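Use these hints to put chains L and V onto chain W, whose structure you have.
Chains as they are written, first to last, in our numbering: chain W, 6 to 332; chain L, 35 to 327; chain V, 3 to 336.
Treat the hints with care, since some could be wrong.
[Stated by the list, open to error] From the structure, some residues in chain V lie toward chain L, with a derived Cβ separation under 7 Å:
{"no.": "1", "residue": "K96"}
{"no.": "2", "residue": "F105"}
{"no.": "3", "residue": "A110"}
{"no.": "4", "residue": "I127"}
{"no.": "5", "residue": "A128"}
{"no.": "6", "residue": "G130"}
{"no.": "7", "residue": "E314"}
[As the list claims (entries may be wrong)] EDC-like cross-link-like pairs, simulated, lysine to aspartate or glutamate; straight-line CA separation at most 16 Å:
{"no.": "8", "chain 1": "L", "residue 1": "K216", "chain 2": "V", "residue 2": "D230"}
{"no.": "9", "chain 1": "W", "residue 1": "K269", "chain 2": "V", "residue 2": "E212"}
{"no.": "10", "chain 1": "W", "residue 1": "K269", "chain 2": "V", "residue 2": "E251"}
Source of the hints: derived by calculation from the structure; they are not laboratory data. Computed from a predicted model, the values in this text were never measured in an experiment. The beta-carbon is built from N, C-alpha and C at its ideal position, and this holds for glycine as well.
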Amino acid sequence: MTETVLSVKNLTTHFFTRSGVVKAVDNVSFDLAKGEIMGLVGESGSGKTVTGFSLLGLVDEPGRIVSGSITLKDKALTSLSNAELRRWRGREISMIFQDPIATLNPVLTIGRQMRLAIAAHERTSARAAEDRATDLLSKVGIPSARARLDAYPHEFSGGMRQRVAIAIALLHRPSVIIADEPTTALDVSIQAQILQQMRVLAAETGTAMIWISHDLAVVSSLASKLAVMYAGRIVEQGPTATLLRNPRHPYTAGLMNSLPAMTKPGTPLKQIPGTTPSLLSLPPGCPFAPRCQRATAQCQHDPELTIHGDRGWRCFDPVGHMDEVSS
Amino acid sequence: MNRQSTPFTRFWNEFRENRIAVLALSIVVLLALLALFASFVSPQNPYDLANLSLMDSRRPPGFVGTGGYTHWLGTDPQGRDLLSAIFYGLRISIQIGLAAGFVSLSIGAALGILAAYIGGRVENLIMRLVDLQLSFPAILLALVIVALLGQGKVQLISALVAAQYAYFARTAYGAAKAERGKDYIEAAVATPLGSRLVILKHLLPNCTPPLIVVATVQIANSISLEATLSFLGLGLPVTEPSLGMLISNGFPYMMSGRYWISVYPGVALIILIVAINIVGDQVRDQFNPRLRR
Amino acid sequence: MTDFVSLENISRVFGPNLTTGEKIASKLGATVETRSIHAVSNVSLSVSKGETVGLVGESGCGKSTLGRLVAGILPPSSGTVLIDGSPVIKDGVKATTRVQTVFQDPFASLDPRMKVGETVAEGPIAHGLAKKSEANAYAAKWFERVGLDPVWLDRYPHQFSGGQRQRIAIARALAMQPDVLICDEPVASLDVSIQAQIINLFLELTRDLELTTIFISHDLSVVQHVSDRIAIMYLGQIVELGPVDEVFENPAHPYTAALFGSVPKLVLDDHELVRFDTIEGEVPSPLSPPSGCFYHPRCPLAGEHCAITGPEMTTIPNSRSVTCHNYQRQLKQK
Numbered sequence: 006m007t008e009t010v011l012s013v014k015n016l017t018t019h020f021f022t023r024s025g026v027v028k029a030v031d032n033v034s035f036d037l038a039k040g041e042i043m044g045l046v047g048e049s050g051s052g053k054t055v056t057g058f059s060l061l062g063l064v065d066e067p068g069r070i071v072s073g074s075i076t077l078k079d080k081a082l083t084s085l086s087n088a089e090l091r092r093w094r095g096r097e098i099s100m101i102f103q104d105p106i107a108t109l110n111p112v113l114t115i116g117r118q119m120r121l122a123i124a125a126h127e128r129t130s131a132r133a134a135e136d137r138a139t140d141l142l143s144k145v146g147i148p149s150a151r152a153r154l155d156a157y158p159h160e161f162s163g164g165m166r167q168r169v170a171i172a173i174a175l176l177h178r179p180s181v182i183i184a185d186e187p188t189t190a191l192d193v194s195i196q197a198q199i200l201q202q203m204r205v206l207a208a209e210t211g212t213a214m215i216w217i218s219h220d221l222a223v224v225s226s227l228a229s230k231l232a233v234m235y236a237g238r239i240v241e242q243g244p245t246a247t248l249l250r251n252p253r254h255p256y257t258a259g260l261m262n263s264l265p266a267m268t269k270p271g272t273p274l275k276q277i278p279g280t281t282p283s284l285l286s287l288p289p290g291c292p293f294a295p296r297c298q299r300a301t302a303q304c305q306h307d308p309e310l311t312i313h314g315d316r317g318w319r320c321f322d323p324v325g326h327m328d329e330v331s332s
Numbered sequence: 035m036n037r038q039s040t041p042f043t044r045f046w047n048e049f050r051e052n053r054i055a056v057l058a059l060s061i062v063v064l065l066a067l068l069a070l071f072a073s074f075v076s077p078q079n080p081y082d083l084a085n086l087s088l089m090d091s092r093r094p095p096g097f098v099g100t101g102g103y104t105h106w107l108g109t110d111p112q113g114r115d116l117l118s119a120i121f122y123g124l125r126i127s128i129q130i131g132l133a134a135g136f137v138s139l140s141i142g143a144a145l146g147i148l149a150a151y152i153g154g155r156v157e158n159l160i161m162r163l164v165d166l167q168l169s170f171p172a173i174l175l176a177l178v179i180v181a182l183l184g185q186g187k188v189q190l191i192s193a194l195v196a197a198q199y200a201y202f203a204r205t206a207y208g209a210a211k212a213e214r215g216k217d218y219i220e221a222a223v224a225t226p227l228g229s230r231l232v233i234l235k236h237l238l239p240n241c242t243p244p245l246i247v248v249a250t251v252q253i254a255n256s257i258s259l260e261a262t263l264s265f266l267g268l269g270l271p272v273t274e275p276s277l278g279m280l281i282s283n284g285f286p287y288m289m290s291g292r293y294w295i296s297v298y299p300g301v302a303l304i305i306l307i308v309a310i311n312i313v314g315d316q317v318r319d320q321f322n323p324r325l326r327r
Numbered sequence: 003m004t005d006f007v008s009l010e011n012i013s014r015v016f017g018p019n020l021t022t023g024e025k026i027a028s029k030l031g032a033t034v035e036t037r038s039i040h041a042v043s044n045v046s047l048s049v050s051k052g053e054t055v056g057l058v059g060e061s062g063c064g065k066s067t068l069g070r071l072v073a074g075i076l077p078p079s080s081g082t083v084l085i086d087g088s089p090v091i092k093d094g095v096k097a098t099t100r101v102q103t104v105f106q107d108p109f110a111s112l113d114p115r116m117k118v119g120e121t122v123a124e125g126p127i128a129h130g131l132a133k134k135s136e137a138n139a140y141a142a143k144w145f146e147r148v149g150l151d152p153v154w155l156d157r158y159p160h161q162f163s164g165g166q167r168q169r170i171a172i173a174r175a176l177a178m179q180p181d182v183l184i185c186d187e188p189v190a191s192l193d194v195s196i197q198a199q200i201i202n203l204f205l206e207l208t209r210d211l212e213l214t215t216i217f218i219s220h221d222l223s224v225v226q227h228v229s230d231r232i233a234i235m236y237l238g239q240i241v242e243l244g245p246v247d248e249v250f251e252n253p254a255h256p257y258t259a260a261l262f263g264s265v266p267k268l269v270l271d272d273h274e275l276v277r278f279d280t281i282e283g284e285v286p287s288p289l290s291p292p293s294g295c296f297y298h299p300r301c302p303l304a305g306e307h308c309a310i311t312g313p314e315m316t317t318i319p320n321s322r323s324v325t326c327h328n329y330q331r332q333l334k335q336k
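Okay, chain W solo, but in the shape it has when bound (with noise of 0.2 Å):
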C-alpha cells in the first residue's frame, strides 16, 4: 500500500449564477497515491476543471465548494484561510493549464518568473535559483537551458512554452500537479515528446499527477488510474486499462465505442445520442439515462457509487462483466 497524498471526499462545487444553481461537481471522492498519475476524463461541462480549480482552491464567484474534503498530506485544504492557501499552493499543489500563454508573464523573461517563482516559497541564493530553474528546464525538454533563461515567453514556440509552464510548476517538487488539457492545443509531435517526458519525470520526482483531458488515447498512455465524469460527477473509475478493456457504465462505454479506431473505416461510428445536458436543468435521478439506452424506471433514482474492489461505477444496471479477479 503505498502513501496517500491528496484524498477527496464528496466534493461538491456550485455556482450560483442568475439563471440558477450550476452544479459543476457534485459528490466527487477520490484518492491519489504517491508518483501516481490519475486521468480525469469528460466532456466539456462535466466538471472535470472546476474539479481542478476546487483542488487548487481557485473557485472564483459566483462558484463555492459547498461542501466536502480535500486532504493533501494530511493538512484539510478546505478549512484553510486563503493566506494558508496560497502558501501551499504553487508549493504543494501546482497547475498545468491548456494555454501555457495565460500563466507566464508577457514582459518578464523565463529566468526572472522562475526566481520569482522561488522566491515566492524559499530564500536561496539567486546562483542555487538560477541553477535549480536551469535543471529544470532542461529536464523537460527545452535544449540550452541557461541561455534560454533570459528569453521572453513570446518567443518559445507553444510546445516551448508549455513545457516551461510545466518546469515551473515543477519548481518546489510539489505533491500533486493537476494539469488541466495541457497538450490539446498541441501538435501531436509535441504531445508525443511531452507525455513521453511528463511520465518520466512523474516517476522520478514522486510527484502525483491528475491529468485532465478529454483524449482517451492520451490518458490510456500516462494514467494507472482513470475516473470518467459526466454531468458533475465522477460515474465511472478504476484502472485505467481494466477499465478501457471492460467498462461497466454504459457512458464510458459509449464513449470507447464511438471513437472512429473502434469501427472500420466509411461505416457509421457507433454513437451516443443526444446531447450532454445542461447543468442548470439536470433531469432527476441518473443524468446519463435521457441518452441511455439501457435505461428502466429504476434510473428515475440518483444511483450510488457500486465499489468492486479498485473499480467503483454509479449504474443500477452496468454493461460489460466482473472483472476476471485480479493476481
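Below, chains L and V alone, put in the same frame as chain W:
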C-alpha cells in the same frame, strides 16, 4: 432552452437587476416625455408673448403670478414661468442631442465600417483623418464651425456632428475590424454573398453594441456641448432657448440673490446628463464580455 | 475517372504586408520582418467526383490555407483551382457557388445576431436557389436533412449546443447545393460523443448527395475513417498522397511514419508502457524553411543530398505519390 429568450429580453432582464440604472432610465424617459408634451404639461407657453407679463419678472419660486397660478420654480427676467421654460428648453436640448447623435452615428458608423471592410488605402485615408480630428478638442472645433456657419438649428447640429462623428467612426472601425476577422464573416464571403449583404446584414448588426454605448454617451455630450455653445451665445437664436441659454440668461442675476433663474435649468441639465450617463454605463457593462457572468 | 477538382502548381504567399508605420520604421533601420511566408508552395492535386480526400498535417503546414484556396476564400498567388473545368476564382473574386465550406468552430462560424433559419436561407436566396417567399420551407428542408427540428429555425445560435450548431453550419453549406465541400476541422472543437454523430452525418450526406470532399483534420483517426485518399502536408507541401489504407499500412515518407508514430493509441494492457516514436525537434519557421528537402533536419533517413536538392513528387506503385529521395528505404518491403 428558454423560448422567450430573444437577445432583447435577455438584455432587459439583466438591465433590470441594476436598480440605479432602472431609476436613471425612468428619469430619462420621464424627462423625454415632459419635453415631448411640453405644451400640454407646462402651466404657460413661455414663448407666447401674450402670456407674459413684466410684472412677473424675476419672481422667486412659489410666487403666484398674474396668471393666477403658482410659479413653482420662479420666473425669469422676461416674466416667464421657469418650470415651463425648462420643459420647452429640455425639448430643444433633447432634439438637438438626438439629432446630432443620430447623424454622427450614421456618418461615423458608415465611415468606420467601410474603412474596416475595404482596408488598404481607403482604410488609411479615413482613419488617419479621423485620428487627426480626434486630436483637436471637440469644443474648439464646434466653436469654429458655428462661428463660420452662423446661428441656427441646422448649423448647430452640423457643428456638433462635425465635432463628434469621429468618436463613432473610431468605435465602429474597431468593432468592425474585430468582427471582420471572425469565421461567420468569412463564411458569408465564402458563400459568396455580395459586399452590400455582408456589410448590412452581418457586419453592421454585430457592431451595434459598442455603437449603442458610444451613442448614449455622445447624446449626453451633444446636449452639454450645445448648452456650452448656447451659454457662450453661439448656439441657437433667442427664439428657441435651450437649457444652456436659460442658464446663460440667468447668469447676470446669480450674484444678486436671484439664483433660481440659472440654477434650476442647470439642475435639470445635470439630472438629464447624469441619468443618460448612468444608463450608458450599465449598457456598456452589459455589452462587455469581460464582466459577464 | 476524370478529375473533378484539379489543382495545378498552386502556391500562396503571405506577404510581409507592412503598415505605413512599419515601412517608416524599417527605413529608419529598425528590424521589421520583411520576409514572406510560403504557406502553400507548388501543390498539385486532383480529386475525382464523389471522392473524399483527407488533408492532414501539423499546425502551420498549410492545410487550412490549401482548403481556403480550393474554397475560393483566398486567391492563389499562382496556379488555378478548377472545379469541373471552370476556375473557382475570377479576377480575385469567388465566381462559383459549387464549392462550400464547413468551418472548424461552430461557435464562431454562425452570425450570433441572425436567426439560424435566415443564416441557412440567405445564400440560396441571394443566388436564386430559393425564392424569398419559400425561404422558410427551403431552410426547413435542409434542417431536417441534417437532423434538426425545423421548429428551431427562429432561434439564435446561442440557443444551440456545439453539435447542433455544427449541423446548422453543415445545413448552410448544403443549402447552396454544392458539388464540392471543404471541411476545415469540422469536428475538432466538438466533444467525443458528439464527434461521432457529426462524422456519421457527414458520411451519410457525402454518400447520398455524391459530394466531392476535402476533409481537413489534425486527427488521424477521423481522417482515416472518412477519407478515400489522404494527403499529408509539411511546411506547405504535400509530402505523401495515396489511398488511405495503403498509406496507413505502409507510409512511404519518413514524416508520415513519424506522424503516425506520435499519435497516442488506446492502451488496454495493464503492463504495457507505451513508447512514442517522437519526431526530434519542431517544425521550422515557414519564414526561413531549410534548404533542400524541408524535412531533412528532422529526418532519420536524410543524406547529404537531401540538404541540397528538394525532392520532386514521384509516383510510386498502388496509385501513390511521395516527395522524398529515400522513400524506398522507408517503405516496408513485402
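Against the structure, the hints:
Evaluation of the V/K96 hint against chain L yields a held restraint, the C-beta minimum of about 4 Å falling below 7 Å. Hint status for V/F105: holds, given a least beta-carbon distance of 5 Å to chain L, under 7 Å. Of the supplied interface hints, the one on V/A110 holds, with its beta-carbon coming within about 4 Å of a beta-carbon of chain L, less than 7 Å. At about 10 Å, the closest approach between the beta carbon of V/I127 and any beta carbon in chain L exceeds 7 Å, and the interface hint on this residue is violated.
With a least beta-carbon distance of about 5 Å to chain L, the hint placing V/A128 at the interface is held under the 7 Å criterion. Annotation: interface hint on V/G130 violated; nearest CB of chain L at approximately 13 Å, more than 7 Å. A hinted interface residue such as V/E314 counts as satisfied when its beta carbon comes closer than 7 Å to some beta carbon of chain L; here the least separation is about 33 Å, so the hint is violated. Proximity of L/K216 to V/D230 is assessed by CA-CA distance (about 31 Å); at most 16 Å being required, the pair is judged violated.
The hinted pair formed by W/K269 and V/E212 fails the criterion: a straight-line CA distance of about 21 Å is larger than 16 Å. At roughly 14 Å between alpha-carbon atoms, W/K269 and V/E251 fall within 16 Å of each other, so this suggested pair holds.
Violation of the numbered hints given earlier is confined to hints 4, 6, 7, 8 and 9; the remaining hints are satisfied by the structure.
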